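Asks: Residue strings, one per chain:
Number of protein chains: 2
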Amino acid sequence: MNTVTPWKQLLLHAIEANSHLKHSSFFQLATIGGNGRPSNRTVVFRGFQDETDKIQINTDCRTRKIEELKHCPFAEICWYFTDSWEQFRINGRIDVIEGSNSDSVKLQEREKTWFASSLKSRLQYLGPDPGIPSITEDLPKGVSLDPSAGPVNAFCLLVLDPDQVDYLNLKTNTRIEYRCSRNSNGDKCWTPERINP
Amino acid sequence: MNTVTPWKQLLLHAIEANSHLKHSSFFQLATIGGNGRPSNRTVVFRGFQDETDKIQINTDCRTRKIEELKHCPFAEICWYFTDSWEQFRINGRIDVIEGSNSDSVKLQEREKTWFASSLKSRLQYLGPDPGIPSITEDLPKGVSLDPSAGPVNAFCLLVLDPDQVDYLNLKTNTRIEYRCSRNSNGDKCWTPERINP
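Chains as they are written, first to last, in my numbering: chain A, 35 to 231; chain B, 35 to 231.
It should be emphasised that the hints constitute simulated quantities derived from the structure, not laboratory data.
Computed from a predicted model, the values in this text were never measured in an experiment.
You may find that some hints are simply not true.
Identical chains share a label here; the pair holds if one copy fits it or two copies do between them.
Once the Cα atoms are required to be at most 25 Å apart in a straight line, the calculated BS3-like pairs of lysine-lysine come out as [unchecked claim]: (1) LYS56 with LYS205; (2) LYS154 with LYS222; (3) LYS154 with LYS56; (4) LYS88 with LYS146; (5) LYS88 with LYS42.
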């Protein structure tokens, strides 16, 4: 069943309405840090996975969030659209897909998002270890990348499978909470409820 | 000692450089939810507390984040400036200051931020319980507020005391991590380290 979930329709509409702003594809991803404290950073939306409501993010295997997600796979996206004054809080579980994954379908998805990103984005995964003290300048000199070469080891695909979405529209002052349950076939069912902003 | 901390100088500069954008005073605040999952929402910057590096946020006592913060007081702000391409990740402990607080200095701070916010902002605290199913329309009819009246019960001041700041500048591709320690007088000392982006 490929019926578009109601919050996904709102989100696709917000993405379209704010697409003239480069930063409209950025959102904040919160995870639980190794020390048990919250951790929060800006990442780039890399589309929905095929026809599902799962959200894709590319990242570097060497960043701290990978350890964090292996320890606690839950995350919350906060996506605020600065032009339409809409906020989506999307909570769910993240699947971390590295090159060592044993699932060939997942490896194909990883390859697909690798080739969907720009050559400039791909080059970043050849840079020095993120988050450790800087000793070299940016990229080592003379690094180049064959545009037809598949994902490098450091490239990681994150797939967030949402099970709760809180939508807020500050222009109309409406807020809707969507909760997910599974029917007997295992398909997702979303129940919306209008709540006070 | 009122020497401005280095990251605060960078942040004040970013606020100034992006001040033509209304949304530049918004940031995302991550906390730990009651279910142990991350929680993330957009809030408004209400200034630094006096001459310190503590960050003020106004909120409604009836929102879910209050329970969350009473359970785990740690939070991380992610503040992305869309025009200057700078990101500040500010981690620290939050002090929740409600009207029932026994510290008179804290109550004064709460009163100060109440009067510093617009009448329209203040009126929101008289609205229906946030996050519960909507039955009434927005504000009950005929609600008015005496501009000289002090904070209502639902008004809450949050004060985040930072102890770690991660600064990223995407234009210059630089990233600096600031860590806080205390000297023998109990004063904060910030140590910066340049790390790989």
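Asks: Taking the numbered hints from earlier one at a time, note which ones the structure violates and give those numbers from smallest to largest.
Replies: Violated: hint 2 alone.
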